[in-house]
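Asks: Line order of the protein sequences matches chains A and S. Heads up: the first sequence at position 56 corresponds to 56 in UniProt numbering, and the numbers run straight through without jumps. Heads up: the second sequence at position 97 corresponds to 97 in UniProt numbering, and the numbers run straight through without jumps.
I should point out that these hints are in silico values taken from the structure, not numbers from a laboratory. All of these numbers come straight from a predicted model, not from anything done at the bench. A few of these clues could be false.
As the list makes no split between identical chains, a pair holds if one copy fits it or if it spans any two.
Using 25 Å as the maximum straight-line C-alpha spacing, the simulated SDA-like pairs for lysine to any residue come out as follows [claimed, not checked]:
| # | residue 1 | residue 2 |
| --- | --- | --- |
| 1 | Lys98 | Asn138 |
| 2 | Lys187 | Asn135 |
| 3 | Lys98 | Gln149 |
| 4 | Lys203 | Ile142 |
| 5 | Lys204 | Ala51 |
| 6 | Lys203 | Arg49 |
| 7 | Lys204 | Val143 |
| 8 | Lys187 | Gly2 |
| 9 | Lys204 | Ile142 |
There are 2 protein chains.
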Amino acid sequence: MGSPRRLLLLSSSSLHGGGYLEHCQQHIQSFLGQKVKRVLFIPYALHDRDAYARTAREKFESLGYGLDSIHESCDPVEAIRKSEAIFIGGGNTFRLLKALYDNNLIHEIRKRVLEDGIPYIGSSAGSNVATISINTTNDMPIVYPPSLQALGLVPFNINPHYLDPDIKRTHMGGLREGTMLLVEGDKATLQGATGARLFLRGKKPTEHEPGTDFSFLLTDSNPLNP
Amino acid sequence: MGSPRRLLLLSSSSLHGGGYLEHCQQHIQSFLGQKVKRVLFIPYALHDRDAYARTAREKFESLGYGLDSIHESCDPVEAIRKSEAIFIGGGNTFRLLKALYDNNLIHEIRKRVLEDGIPYIGSSAGSNVATISINTTNDMPIVYPPSLQALGLVPFNINPHYLDPDIKRTHMGGLREGTMLLVEGDKATLQGATGARLFLRGKKPTEHEPGTDFSFLLTDSNPLNP
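Here chain A stands alone, though its shape is the one from the complex (with noise of 0.2 Å):
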C-alpha cells in the first residue's frame, strides 16, 4: 500500500509584489479543507521567528485556520505529533534544516507525513526540506547542518524560484515563481500559473505545463526510503 501522504508544495509565498500567500490561498484552502482546523506553523527558515509567526498566524486566520507556531512550544517533537497540519515557511534553507535536526524533528515530521497522512504545506525553502536533499538550493550556506538530506517525503529533487537556463543537477524539478506541487500518495500534479521545468539524468530537461501529472516521479528509488 502507497503512503497517505498529502503535500502542497510551493515554490515561493508570494507573486509578482502579491501579499503573503496571497497568489495560492485557493489552493491553500482547498488543500487543508474544513477537517483542520489549527495548522503547525514551523518559522526555523528565518532569523525573527516571532514577526515570522505573526505574518502567517495573519494569513491562516484570514483563512479559517488557527495557527500554532512550533518555536512557541516547549516540546516541539510533541507539537509535531500533535498537529493536524504542517506549513513550513520559506528564507534561509540551510538555517531551516539546521533547526529541524537540532530539534530532532525529521524523523517524526516524516512519521507524520507519511504514515499518519497529515497535510503538509512548504513554500520554498520548506519545499526544499521536503524533497530527499537541499542539494538543489540556491540558498548561502549561512550555517553548517548535519547533513544535506532532508524530510524525503518525496523521491525527487527541487529547486524552487527557478530562474537559472544552467543547472547543472540531473534529476530535480524547477518550479518557478507561482508554481506549486500537489501530491497525494502517489499521485502528483503541477499547479499555479507559471509551469516548470523537469530534469532527468542523460535528458535534456522539458517544460511543463500546470496540470501536469508528475506522479512518475514519485516511483523513483528514494534513498531514505527504501
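On the provided structure of chain A, position chain S as indicated by the hints.
Replies: For chain S alone, kept in the frame of chain A given last:
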C-alpha cells in the same frame, strides 16, 4: 612579524565572454614574476579534471609558466610541499572544498602560503576557499564537505561574481566580475576594472574603486589563525 603571504584573488576566470584568464593575464604575470617556473594547478572544482588542466596548462604556458595539475600526482600533499606557486580554479565551491579536505590539503596549503610565502592565485571558487569559510558562496551544495571552514588565508569572506544587492552576510566583500584582490603580507589592494562592495557587520555596505587599500581587513581576528 606578519605572514609573508602573497595572494591574487580573482572574482572570475573570464570577463564578458573573453578568453580564459585573459582579462587578468598581466596581473598574473606581474604577480608570479620571473622566479616562478611552474605552477601547481588544483582543478577539483570541476568534474572533468583532465579537460580543466588542459585549459589551464595552455593558458599558463602561453604566459611562460609550466603547469602541473595536482590530480595527476600520486601524492597530492607532497605536490603541495614541492610547489613553487598554487592556482586553484573556479567551479563548484562545495565540490572544491570537499576535495581539499578529502585529500588532506588544507593544512599543507596554509603552511606553504602563510609560512613559506609561495604565491597563491584563486579564481572564483578558488578565491572563496582562500577565505575563512565558504559561507558566502552562491553555488549549489552538490556535495557535503566536512566543514564550511576554508583555508583561512585571509580573515574575511568573499562573494565572487558579486551581483545581488540583497546579501545578508555581515562581514564580507563582494567581488564583481573583473575584480581582483592582491594580498601581500599585511597589505591588500583592490585591482581590476569593476570595483567591489564591502560589507561590515552593523554598517552600511560601501563601494570601492580599483586601487583601494583594503589592508585594514587583514588586521581582523581570524578564527582559524588566532
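Asks: Next step is simple, just say for each hint if it's right about the structure.
Replies: How the hints compare with the structure:
In the homo-oligomer, the alpha carbons of Lys98 and Asn138 lie at most 25 Å apart both inside one protomer (16 Å) and across protomers (18 Å), since each shortest distance falls under that limit. In this homomeric assembly, Lys187 and Asn135 come within 25 Å of each other (Cα to Cα) only inside a single copy, at 24 Å, whereas the closest approach across copies is 37 Å. Taking the shortest alpha-carbon separations for Lys98 and Gln149, both the intra-copy value of 11 Å and the inter-copy value of 17 Å come in at or below 25 Å. With identical chains, the CA atoms of Lys203 and Ile142 are at most 25 Å apart between copies only, with a shortest distance of 19 Å across copies and 33 Å within one.
For a Cα distance limit of 25 Å, the shortest separation of Lys204 from Ala51 across copies, 23 Å, qualifies, whereas the shortest one inside one copy, 42 Å, does not. For a Cα distance limit of 25 Å, the shortest separation of Lys203 from Arg49 across copies, 23 Å, qualifies, whereas the shortest one inside one copy, 41 Å, does not. In this assembly of identical chains, Lys204 and Val143 lie within 25 Å of each other by CA distance solely across copies; the values are 23 Å between and 33 Å within a copy. Taking CA atoms no more than 25 Å apart as the test, Lys187 paired with Gly2 passes inside one copy only; the shortest distance there is 10 Å, against 63 Å between copies.
Taking the shortest alpha-carbon separations for Lys204 and Ile142, only the inter-copy value of 20 Å comes in at or below 25 Å, while the best intra-copy value is 32 Å.
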